[in-house]
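Protein chains: 2
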Amino acid sequence: MIDTSIILEKLKNAAKSGDKQELVKELNNIHYADLSELFPLLSSEERPEYFELLQEDKAADLLEELNPQIQVELLDSIPHDKAARIILHMPHDSVADFLADLSDTESESYLAKLPSRVSSQIRELLSYNEESAGGLMNSEVLRVNEAMTVEDTLDYVRKMAESDRVDFYYIYVVDKTNHLRGVLSLRKLITSLPRIKVEEIMATDVIKVNVGDDQETVADTLIKYGFLAIPVVDDYNKLKGIITWDDAQEVSEEETTEDIYASSGISTDIDEDEILVGKISQSVKARTPWLFITLIGEFVAVNVANHFNYTLEALPVIAIFMPLLAGLGGNIGTQSITIIVRGLSTGQISLGSSIYHVFRELRIGLLIGLFFGVIVALTTYLWKGNYVLGIVVGLAMIINMTLAALLGTVTPFALKRFNIDPAVASGPFIATTIDVLGLAIYFSLVTISLGYLS
Amino acid sequence: MIDTSIILEKLKNAAKSGDKQELVKELNNIHYADLSELFPLLSSEERPEYFELLQEDKAADLLEELNPQIQVELLDSIPHDKAARIILHMPHDSVADFLADLSDTESESYLAKLPSRVSSQIRELLSYNEESAGGLMNSEVLRVNEAMTVEDTLDYVRKMAESDRVDFYYIYVVDKTNHLRGVLSLRKLITSLPRIKVEEIMATDVIKVNVGDDQETVADTLIKYGFLAIPVVDDYNKLKGIITWDDAQEVSEEETTEDIYASSGISTDIDEDEILVGKISQSVKARTPWLFITLIGEFVAVNVANHFNYTLEALPVIAIFMPLLAGLGGNIGTQSITIIVRGLSTGQISLGSSIYHVFRELRIGLLIGLFFGVIVALTTYLWKGNYVLGIVVGLAMIINMTLAALLGTVTPFALKRFNIDPAVASGPFIATTIDVLGLAIYFSLVTISLGYLS
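Chains S and W supply the protein sequences, listed in that same order. Okay, so the first sequence: first residue is 1 according to the numbering used here, each after it adds one. Okay, so the second sequence: first residue is 1 according to the numbering used here, each after it adds one.
One should not assume that every hint holds.
Unchecked claim - Result set (DSS-like, lysine-lysine): computed pairs, CA atoms no more than 30 Å apart in a straight line:
id : chain 1 : residue 1 : chain 2 : residue 2
1  : W       : K25       : S       : K58
2  : S       : K188      : W       : K25
3  : S       : K416      : W       : K238
4  : S       : K188      : W       : K285
5  : S       : K25       : W       : K25
6  : W       : K285      : S       : K58
7  : S       : K159      : W       : K12
8  : W       : K25       : S       : K208
9  : S       : K416      : W       : K25
10 : S       : K25       : W       : K12
11 : S       : K20       : W       : K224
What the hints assert, rightly or not - Examples of chain S residues lying across from chain W (beta carbon under 8 Å, computed):
id : residue
12 : T177
13 : N178
14 : N237
15 : E255
16 : I260
17 : G278
18 : R287
19 : L291
20 : I320
Since the hints were derived computationally from the structure, they do not count as laboratory data. For clarity, every value in this text was computed on a predicted model and none was experimentally measured. The beta carbon of each residue, even a glycine, is placed where N, CA and C say it ideally should be.
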């Protein structure tokens with residue numbers, strides 16, 4: 001990895017020395033991926049200054065990687081004509097993503113500067129749901145007619161190779177009216193005889209997705225088959241675009257973040273960026289709903305405890321063990337949820353093996369519960385000198401931990417069975433349920449043995 | 001996505017009908033990625049039967065995707081000579097991964113059947129740490145000498161395209177003694193004039209990794225730059241292999257799982273497979289250490305509560321609010337940790353912005369704390385008819401939630417600053433700390449206002 005602070009130092013020195021040519025050279029030598037880490041660290045005055053000095057294709061590569069606010073800021077800082085030229089170097093899907101974040105008037109002002117062929121393609125992309133295959137795909141595709149020869153195709157590929165906007169992973173074969181007929185790898189193309197027609201060498205069992213498919217399904221398909229790109233067709237099997245592995249990688253990272261957020265009770269209806277650096281009110285909105293559900297659950301726990309107020313008044317010391325039971329129960333329950341939810345999400349665990357995992361976690365919960373139950377029972381006995389109290393606390397611990405592991409396993413499977421995303425807040429839900437059940441069990445045990453305790 | 005149960009049905013029907021040719025045809029028409037989902041669903045009697053009917057290259061593709069137990073089971077079920085032929089179709093890194101899981105004798109028995117050039121390459125791969133770039137790379141590389149022309153290179157590429165084992169993303173240019181000099185994309189190669197030497201058109205600022213680099217760094221680098229492959233060199237800049245995007249994708253998924261496990265207190269020293277389906281004892285071993293730390297933390301909490309035993313005896317009812325405070329504090333704290341740990345892991349949050357995030361989370365914690373504090377205060381007052389009790393519980397809630405959000409933010413940053421992985425069990429650690437502090441604050445508030453409460 002490259003150390004951005006060293007590059008930044010170098011640039012600032014070049015800027016200070018006043019040698020503009022040196023600065024231009026330094027800047028354009030930096031890989032765009034490094035620039036994209038650097039630009040957010042610059043002040044909003046420095047950014048446009050440096051951006052202006054970049055070659056147009058590098059500026060386009062960089063722009064793709066930056067967050068929406070900085071994209072707008074930079075394109076606004078330069079003449080509209082130059083902005084349009086830079087946009088022309090970007091893949092259409094990235095342009096559509098950028099324009100989608102602008103107001104309609106602003107977005108139109110950019111579209112108006114682009115050649116009509118390009119702007120109409122981008123308008124089409126903008127019409128798809130942002131989270132669908134259509135919203136993710138690039139509409140520029142290496143496509144050839146089925147009747148073309150290998151030689152002609154190679155010529156065409158060479159010509160297209162001049163453009164930055166086309167991805168070179170596969171060549172898609174279509175009929176006269178753009179129906180997807182087959183696919184050809186570059187490897188196959190260069191190893192085939194020049195005069196053969198592409199339809200004779202293409203693979204015809206093409207794995208493809210529909211424009212309306214959910215982006216998560218698309219990413220999973222692409223990653224499962226290890227493809228570099230997957231074609232996107234409409235309902236009539238017409239080739240509309242391709243989705244590449246880097247897009248799938250990004251989607252997969254986003255979806256993982258959503259799963260992780262959901263499992264600690266953060267709403268995923270609100271955009272990740274908003275939660276990280278957006279308005280405080282949005283962040284509060286994302287976090288409050290599950291806290292509210294926790295509140296209701298804990299009020300139930302409070303009522304359970306209140307129900308045993310005579311027991312509490314008879315023996316107030318029993319209250320001090322409540323956090324111990326809740327803490328360990330919550331912790332082992334969370335471990336079980338985590339293992340099952342993550343396994344279901346990566347595909348290492350399937351619904352079919354639910355029975356196996358439920359019994360497995362039950363055994364694990366019981367084993368660990370016994371271990372901790374004995375420790376807690378002994379410690380309590382030695383501390384408070386009351387062996388019945390030790391047994392009660394220890395027994396409550398065993399039941400509590402076993403139950404927590406069981407609940408943490410059964411709940412995600414049950415949610416999945418009813419087609420509910422198991423990641424969605426199983427965490428807070430189960431922690432609260434464990435609190436309620438744990439208290440009920442503990443206080444019942446205490447109440448039963450009250451005669452031997454005081 | 002393809003429905004595996006339909007394929008399975010089809011296969012079983014073909015098997016039942018006794019038409020072996022039909023079964024062979026059906027089987028070999030299935031994509032290996034689908035077969036890899038299917039095979040674990042078959043019984044251990046069916047698996048070798050079906051495996052035997054696969055073409056050798058398909059068998060090799062399938063084998064790569066299966067888990068180690070099934071790999072061994074299948075290769076053991078066929079004659080050693082055939083097993084060796086199948087292995088020859090696999091990329092060397094996959095073979096090394098498979099052999100690494102076997103005993104030395106077993107591993108040797110396979111190596112002995114391979115051509116010596118191949119077996120010595122695999123032996124070298126086996127010598128690297130499994131989690132290093134060397135352990136991850138494929139040693140078969142498209143490599144050409146710097147003095148070669150474009151035409152010669154194209155011929156060489158065509159020849160190599162026949163082999164399954166070589167990845168075709170870039171062509172690496174080396175000098176006579178295999179020092180990495182540059183890199184060439186297939187795009188550049190096919191668009192260049194035939195007589196030009198590759199050294200004139202290659203890119204010389206190659207981004208590469210060292211054999212000893214950690215696999216996580218390698219995956220991050222590859223994903224950051226959007227490369228399809230990255231070359232691996234030794235300390236003398238000699239080209240040893242390449243790592244491809246699908247390997248990086250797998251590493252990245254593994255590392256994410258480790259982060260997720262760590263954050264709920266599951267040790268990552270033990271292999272994920274062991275935790276999911278291995279020996280129960282291994283699973284217990286992975287889960288007990290952090291539970292034990294939680295136990296110690298909660299004993300501190302118990303002692304804090306015990307310290308206030310006079311308060312508890314004077315007013316046992318206060319005990320019933322303990323789960324409410326702990327539950328909501330734990331929940332909001334977990335939200336903050338989740339946001340910061342995930343942000344640090346994806347690079348959306350850096351240490352440089354820690355001050356911003358600490359103050360942001362402090363404001364969020366205070367706002368949400370105020371909201372829930374007021375609800376809890378009112379509910380308690382209306383329920384128990386004591387407004388001082390309402391104020392005490394509400395105030396404890398506000399302080400507790402604010403503190404939890406703050407701790408959940410500061411702790412991961414602090415761990416990161418000292419180069420400790422912030423994912424490692426921040427979760428259980430903070431939940432326990434919040435329990436201890438929350439109880440101390442609550443009981444202190446109650447003790448101060450005891451005169452107005454009873």
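Checked hints:
no. : hint            : in the structure
1   : K25/W x K58/S   : 50 Å, violated
2   : K188/S x K25/W  : 23 Å, holds
3   : K416/S x K238/W : 50 Å, violated
4   : K188/S x K285/W : 50 Å, violated
5   : K25/S x K25/W   : 60 Å, violated
6   : K285/W x K58/S  : 51 Å, violated
7   : K159/S x K12/W  : 49 Å, violated
8   : K25/W x K208/S  : 23 Å, holds
9   : K416/S x K25/W  : 35 Å, violated
10  : K25/S x K12/W   : 65 Å, violated
11  : K20/S x K224/W  : 29 Å, holds
12  : T177            : 27 Å, violated
13  : N178            : 24 Å, violated
14  : N237            : 17 Å, violated
15  : E255            : 11 Å, violated
16  : I260            : 5 Å, holds
17  : G278            : 10 Å, violated
18  : R287            : 5 Å, holds
19  : L291            : 6 Å, holds
20  : I320            : 4 Å, holds
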